Amino acid sequence: MALLSIPAEGSVTTESSETGAQAPPATRRLVHRFDFEEIQKADWSHVFQQADGLPPKGRFFTANVDENERSRGDWSLRVHIFGGSVSYRTRPEVLLPANVDSRFQLVGSVRTLDLKHSSARLEVRLVDGDLLDRSHAAGMSDAIEVATVASFVSDAVRTDGDWKELVVDVDTSGEACRAAASDLRFVVAMQVTQPGFEEEAGIQRTVAGDPRIEDVTGTIWFDDLAIWQLPWVDFRSVSPSGIVRHPQPVELRIAVDDPIEPVPTVTLEVSDLDGNVVERRPVRVLSSGRPLVASVEVPLPGWYQARLLVSGSGPEKTVRDLSILVLPESEKQRSSGVPGIGYSIPQWSAAELGGIATVIERLDPGVIEFSIWPEANDELTSTDAISALKAVFERQRAGYREPMLAVDRLHRGLARAARLKPEEVYAAMLGDDSISLASLESWMDRFGTIVDRWRIPGGIRSGPDLANLREVMGNLVADPMLAISQHPDTIDDRWGDELFVMSRSDLSAATMSEIFAGDAVSGATVRIESPPTGWSSRARVDAAARRLLAVWHADADRILFPWNPGSGPDPTMLAWTGLNHALSGHRFLGEIPLSPTSHCWIAGDSDASQLVVWSERQGSAELVRIPVGDRPVDVLDLEGRVRRMIPSEGMIELVVGSSPQMIRGVSAATVQVAARMQFEPEVMDLAAGPQNIHLLIHNPTAVALEGEASIDVPRGWSIEPARPRVRIAAGETARVPIEIRWTTPPVAGEMRVPIAVLLEADSTLRFETEVPMEVRNEILEVRTDWALTTSAVDGSPGIVVSAEVINHGDRPMDLQMEAVAWHSGRERRPISALQPGERAVRRFHFKGGLARLSRTDVRVIITEFGGPLGVTSLIPIAGGAQQVDTALVEE
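Position 822 (the sequence shown) corresponds to 1265 in the numbering used here; numbering is contiguous.
Please note that the accuracy of each hint is not assured.
To be verified - FRET-style restraints, in silico, Cβ to Cβ:
| hint | residue 1 | residue 2 | range |
| --- | --- | --- | --- |
| 1 | Lys-559 | Arg-688 | 57 to 67 angstroms |
| 2 | Leu-873 | Arg-515 | 55 to 65 angstroms |
| 3 | Phe-1308 | Ser-979 | 55 to 65 angstroms |
Derived from the structure by calculation, the hints contain no laboratory data.
Source: prediction; values computed, not measured.
Idealized CB from N, CA, C, for every residue including glycine.
Could you build the full structure based on these sequences and the hints that come with them?
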């Protein structure tokens, strides 16, 4: 006997059905009412059903109508028990036909008195009427059990003398119901259940020797039972998990069952990731519950939301949403090896495995992890799903995908037998005679040659060595690797054979980069959680992509994303599908500097390279120039949309935002030369005066390169030589000596020096790049400010600039402070013998006020008389000369 009402896959019941409350009377239709006003009305049989295994002891209850206790009307049914369980059913002669593809509710009232251990509830069975009639004719004692195709029950309650409403939600859209559609019937029962009445799939058996206490007396009243047909909308994707490949149309299954309105108004809307409606059209659907398939051709691959709006007999529209993921039309084959980008599937059922395997092949991840005991399989035994899952894993091996198994939850039956919670996996593995370990041994026996990596969850008290589990793995698993998952703030290499880190949804990409710096997760498996659902879809996708990139940059071997195939594709799956082929099997090879707020990472192996480019600006984009080589390249976004771009002199100009883009077909030599160019040392000391440094240029090719590097000399600087000639042997790094001077001291901080490179060998490498350099000032600390002022003579507006300089050196200094304002002139102030640790303040007055100086910079230049030291500070007036948005996105 099934105990739970399980809706059809993808269907969504009405709000009233989901909450267990009655639907509004205007939208529901009465199918049949059971009351006890007519005593001679023989709806009910006087039969009962005892729990399995109990010897028959004659009649265990009495049933009579009662005019003193009632919920509605004049009479109720009173049941008095003397022990045992009662199932008081409708008579076989009472025919209650049920429609297929509909939703119903059995609603009734119950009152109990003196019940301590037993409970009252309502049950509805859907039976094959033809089979039921033939079973009765054959004299079968269990005819109803044989003919049952589905069963549903209410909550079991004890009310202590009060009346309580019970609701049973009934779904007739299952395949078994459709098979009996010609004569599908209801069988209703009022039940009193003692402890142990149910044996759910063999997992609630009473342990030998454990006492079971039952009520031997008690009274229960039932009243006002009725079956109602409810309005119902079924809206789902025909394709498994809502994932299709472009240009195949998106097929949506629509069914509407409105018991009042025969022709409801139905509208279908499809919107893209940013909420733009790409299609809106009416759909003609009859309110018979019979499904139709609407075909939608979306213009481009990407993530879409389909919305169904139904106006029927109720006062408000019924709205159903469905997510769809449309993969690109053709995709390059994913590179095998590490790192592997894939999915962790904690929720699945054995019946869904065939569809899940098909979807996995479409997604083509490099690694896939299944939980072995998801909650949906609790009604099976702990080993029933082995064969079905093994077949799926064999398909993964054939597709060069690494399968993993997670024992992150105990089967409900095993947990009850061990007197543990399903989450207490670690504790279940410690005992010598663990029933959970014995069941797990069956899994390892069947999967030992297919799955090497097994995982169990860790915790604060994860300390004792799992000797028994390791012994089982050593005997049954070919190359056993046990991982004990842990959180980023408790990383400990002593846990398990390899590291498995479970990230949290509140960890941003920047935080991950800090936590996983160095080799913290090198070679590990990291599972990344989705960003908070309260964010916009686009922001969640961008954040997920940046988190994935942060973990990939940290050199993890496997990166997993939790995915529930039964709930449809989350928008953040675009981060995985979009970056999968760029990152799978490819390592981080370097970064090409583009601008202070953008990134250009190289992902590649010994054969080819790709670029991943994005900006840190929030709500805006920037134009960057990227070296790619002389051949045309393809630029892809996360949705899989492709643009062909033709380089000019080895460069392309690309508008980048917070959503990463991939560039394919780049010259591996060009991007690696650009990424590895650097100054040595990278820090220029303003106190040192003219400095001799080296420009390092690496040759990643197998032939010698020869050419020149043209340095775009910053204003006020002098670089010699500005166009050095270079010759670099194969696989070697050239050290080009240059001398840097400046006539005007630079602004301290990080700067980028533009360099154009032209190298030739078998082919020409031509590109431009910006090599970072840090200008450091540790001797003079400069603090600046500005304020509006008014002339005391003529009242004209002006601006006063104040600059404070502090000497952190070890000798006195004679300084000159000069302030330069745009179209307002310049002023100089001397500072004599500024001692170490002392400070001096100078003020400068400029006419014109904001009308002249708004959105400009006042430049304060400090130089040492007769010495090398100098520094420049910029003071932005009302926004400064360049309004650059450098705000970081939420990651």
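Now for the hints, and whether the structure bears them out:
1. The hinted window of 57 to 67 angstroms between Lys-559 and Arg-688 holds, with their beta carbons roughly 60 angstroms apart.
2. Distance hint check: the CB atoms of Leu-873 and Arg-515 are about 56 angstroms apart, consistent with the given range 55 to 65 angstroms.
3. A hinted range of 55 to 65 angstroms for the beta carbons of Phe-1308 and Ser-979 is consistent with their spacing of about 57 angstroms.
When the structure is compared with the earlier hints, no violation turns up for any of them.
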